[in-house]
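Colleague: Each protein sequence line maps, in turn, to chains A and B. For the first sequence, the working numbering gives the first residue as 1, with consecutive numbering after it. For the second sequence, the working numbering gives the first residue as 181, with consecutive numbering after it.
Treat the hints as calculated values from the structure; they're not laboratory data. The reader is advised that the hints may include incorrect statements.
The calculated PhoX-like cross-link candidates involving lysine-lysine, where the alpha carbons are at most 25 Å apart (straight line), are [as the list claims (entries may be wrong)]: (1) A/Lys86 / B/Lys518; (2) A/Lys149 / B/Lys386; (3) B/Lys764 / B/Lys793; (4) B/Lys374 / B/Lys386; (5) A/Lys86 / B/Lys274; (6) B/Lys386 / A/Lys86; (7) B/Lys518 / B/Lys733; (8) A/Lys149 / B/Lys861; (9) B/Lys446 / B/Lys426.
Label-pair ranges, simulated between beta-carbon atoms [stated by the list, open to error]: (10) B/Ala436 / A/Pro61: 19 to 27 Å; (11) B/Val428 / A/Gly30: 35 to 43 Å; (12) A/Gly30 / B/Asn377: 50 to 58 Å; (13) B/Asp309 / A/Lys113: 50 to 58 Å; (14) A/Met1 / B/Asp431: 53 to 61 Å; (15) B/Asp545 / A/Met1: 36 to 44 Å; (16) A/Asn5 / B/Thr896: 50 to 58 Å; (17) A/Ser63 / B/Ser433: 49 to 57 Å.
Virtual Cβ for every residue (Gly too), placed ideally from N, Cα, C.
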Amino acid sequence: MIELNINGRSQQVDVEPETPLLWVIREQAGLTGTKYGCGVAQCGACTVHLDGEAVRSCSLPVSAAAGKRIVTIEGLSRDSSHPVQKAWAALDVPQCGYCQSGQIMAATALLAKNPNPSDRDIDQAMTNICRCGTYQRIRAAIHMAAGGKGVGSIIHMMGATDTSGSETAVAAADHSDAKA
Amino acid sequence: MKKANSTKVTNQSRRKFIVSSAAAGGGLALGLNLPYGAGLAAAQGQAASTEINAWVVVKPDDTCVVRIARAEMGQGTHTGLAQLVCEELECDWKKVAIEPISPGQNLARKRVWRDMATGGSRGIRGSNDYVRQGGAAARMMLMQAAADQWSVPVTELTVANGVITHAASGRSTSYGRVAAAAAKLTPPDPKSIKLKNPREWKIAGKPMMRLDTADKVNGGKMYSIDLKLPGMLHAAIKECPVFGGKVVSFDESKIAGRRGVRGAVKVGETGVAVVADSWWRAKTALEALPIVWDEGPGAKQSSATIAAHLKEGLTASDAFADTNVGDAPGAIAGAAKKVEAVYSAQFVSHACMEPMNCTARLTADKAEVWMPSQNAEASLAALSTASGLPLAQCEAYNHGLGGGFGRRGGTQDYVRQAVSIAKQFPGVPVKLVWSREEDQAHDFYRPIAQCKLSAGIDQGGNLVGLHIRVSGQSINAYLAPHNIKDGKDRRQLQGMWPEPDDAQFGYSVPNLRIEYAMRNTHVPVGPWRGVNTNQNGIFSECFIEEVARAAGKDSLEFRRAMLKNHPKHLAVLNAAAEKGDWGKPLPVGVHRGIAQFMGYGSYSAAVAEVSVKGREVKVHRMVLALNCGHAVNPATIAAQVEGSVAYGFDSLQSEITIQNGRVAELNFHTYPVARLAQLPKVETVIVPTYDFWGGVGEPTICVTAPAVLNAILAATGKPVRTLPLKHEGLTLV
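Extracted from the complex, chain A is given alone in its bound form (with noise of 0.2 Å):
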């Protein structure tokens, strides 16, 4: 049996040592927002926060996780109301969502760390892989978190009235530094 604090619940599981924290998350914990993509590390979908930080839970074995504390994206605000969550609801980050809880839990410990984080430490923080490519409304949406501007999407709308190639601009619309 090994003891586990999963967001501030203690429980037993009775797994072997090696096996790698995702899955007891998700199927010992029941936790399902916490996701398996690649099993080694790469993409993030996995990210929980063990002590504070961000790890990869699909190449952690869950005995190295016992005793401490481990957050996961349900333990993250009981009402989705951290404000990276908020942000990202804000500017409808997510597309199909599959990884997006895996880069809130990535966005919120870069965030604790760094509350004004530049493009340059987004970057550097932010390696999680989304396949829709959310990539420009997650970096908005930190700027957001962080009280900064939050623009998701730069959309020019052009009113084409006829087809010939000399159509006017009717409107350049920002629509989306939305107000949270």
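Based on the hints, put chain B in the right spot on chain A.
Modeller: Positioned in the frame of chain A, the structure of chain B alone reads:
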């Protein structure tokens, strides 16, 4: 209609939630029922709802539930379709819920919801007319019910936000109050339904917030891979690593006694699965299981043999010409200047973040699967075939997909596997989950292709002859041979077709010959977001760039001159050039590239700003223009355009190679895909002309790579012809 069973309800009951968000038009409060199930509301003890027609259900509290047949894999189709229905319904957008239907329900109701397939960027363009009619018909019935109640002509009524008003008498009522009466009325004749002019849209056409974001930020969204059923077992699978190979034997005694393991089973002729009480135990036991394979003749193949096979097709005599205007070879031979190049595009995998998975439960008289599917009806059909039970005894429960990109459409290999495994555990639900390595090793890859292009330029720098020969693998030959007519597979020339409307070649060249030589391999191929416009866009647009340079012309002006006969191609190119600041000064070391192409019924163009330092290619900014006819949700369109840049970068940096007949790149450390730091600032230019319905998910991907490659050419003076970039000594940073 199928009734939700108790297990389903247990698993779905937490799917009801409220979204609150500051959004276009103010605060939204949206209830969402996911992932499926008419009848579910009643089973959950919610207030009775009234079905007005197949598309619209009204609740006593005036909430309008919009039924959706197409799959949601992140592309935003659910929100877009709801916008279209609600636009005609004239309901309150703040009180809208969506409810996916199941293929069993569709079948039981004689396919009232029609096609459920979600691919080829057809989710909205393929169904906008009948879903809007569904919304309009429901509105007409609700208004007629109010008119009947008040004994006044329906023409005296108005409706807004789900409130029906009779101004003359000062009376008003709501959809919730007249729903029961409306449901009893005869639906209007579809021919009598007049749809709104899109220029008057209030809900559609606006950048509404998505209806499905809330549980994607708190881990609450349940994907198929997250399913839990009582007594469920877990399965890990390994197919013969060499395509076409078979299982000879496996030694189950070597994993006997391992904790939690219930057994190893053969899956068809080609795979072996281990079933256990947890996935990790199943996977590790599978790795310890000795399996003897008959690898078959495919084991002799490699990337080198495949490349040679395709190269032979570049000059072989068995190609067919899909376009043959004038005499291209003759015009080129007699031209003042000639340009010739051979390009090649690699196999790439889909690498959906959610690996292939499916849960199956089979009893003597009922077969069920839970899966992520782009075509739930294909899943149901696969279940029926694999289980041997008739369709009426089968049901397939689709879930929101963790990525699709064409991988989870018609093939349904993972569903057939799960059924095959579950058959051997009657009554027990078995969840099959592929490892990432299995997912990489057994995809239906984007087809490999080479292309030989020759051009002739006259004294004035005009393109007088163009000869394009594509040699490569055919998707149809692998998946749908019936689509090949007289041995001619036109699909591989997508984007180079002469006819309008879907994927038309935009350039008018007096002598033009476009040919395809089919060169198949043992590697499975299939649709891949934007295929085959990805490869053909690169071939066409990068070569046109080479020709423009050889002719001494500006890249934009050279294209514009050849697009005069195709004003929509031209307009979108101009839009990208304008917003992309074509011709304006750039910082030292930064260069621009431009490209245009058509695919999936829409017109696309892009301008890329790129710098090259040594080996390192950095993309700083991309401006992509799209004319998809009707822009149902500009915010979602922007998200798709941004996503198409990231996915389009696969053409530049990802590659599936074949060694000894099998895939060499089995995980992300050897198969690079786009990361946040690589992405440029992306701007989306939407140029809707409102005279057609085009796709959104795929079109812009076909201009992403060529715009970047043309900027690299501008920076280095050297064309990139062999992809990915590493073969030209470059790397994307």
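Colleague: Against this structure, judge whether each hint is valid.
Modeller: The hints, checked one at a time:
{"no.": "1", "hint": "A/Lys86 / B/Lys518", "result": "violated, 58 Å"}
{"no.": "2", "hint": "A/Lys149 / B/Lys386", "result": "holds, 22 Å"}
{"no.": "3", "hint": "B/Lys764 / B/Lys793", "result": "holds, 22 Å"}
{"no.": "4", "hint": "B/Lys374 / B/Lys386", "result": "holds, 21 Å"}
{"no.": "5", "hint": "A/Lys86 / B/Lys274", "result": "holds, 19 Å"}
{"no.": "6", "hint": "B/Lys386 / A/Lys86", "result": "holds, 22 Å"}
{"no.": "7", "hint": "B/Lys518 / B/Lys733", "result": "holds, 15 Å"}
{"no.": "8", "hint": "A/Lys149 / B/Lys861", "result": "holds, 15 Å"}
{"no.": "9", "hint": "B/Lys446 / B/Lys426", "result": "holds, 10 Å"}
{"no.": "10", "hint": "B/Ala436 / A/Pro61: 19 to 27 Å", "result": "holds, 25 Å"}
{"no.": "11", "hint": "B/Val428 / A/Gly30: 35 to 43 Å", "result": "holds, 39 Å"}
{"no.": "12", "hint": "A/Gly30 / B/Asn377: 50 to 58 Å", "result": "holds, 51 Å"}
{"no.": "13", "hint": "B/Asp309 / A/Lys113: 50 to 58 Å", "result": "holds, 53 Å"}
{"no.": "14", "hint": "A/Met1 / B/Asp431: 53 to 61 Å", "result": "violated, 32 Å"}
{"no.": "15", "hint": "B/Asp545 / A/Met1: 36 to 44 Å", "result": "holds, 42 Å"}
{"no.": "16", "hint": "A/Asn5 / B/Thr896: 50 to 58 Å", "result": "holds, 55 Å"}
{"no.": "17", "hint": "A/Ser63 / B/Ser433: 49 to 57 Å", "result": "violated, 29 Å"}
Against the hints set out earlier in the document, violations occur for numbers 1, 14 and 17.
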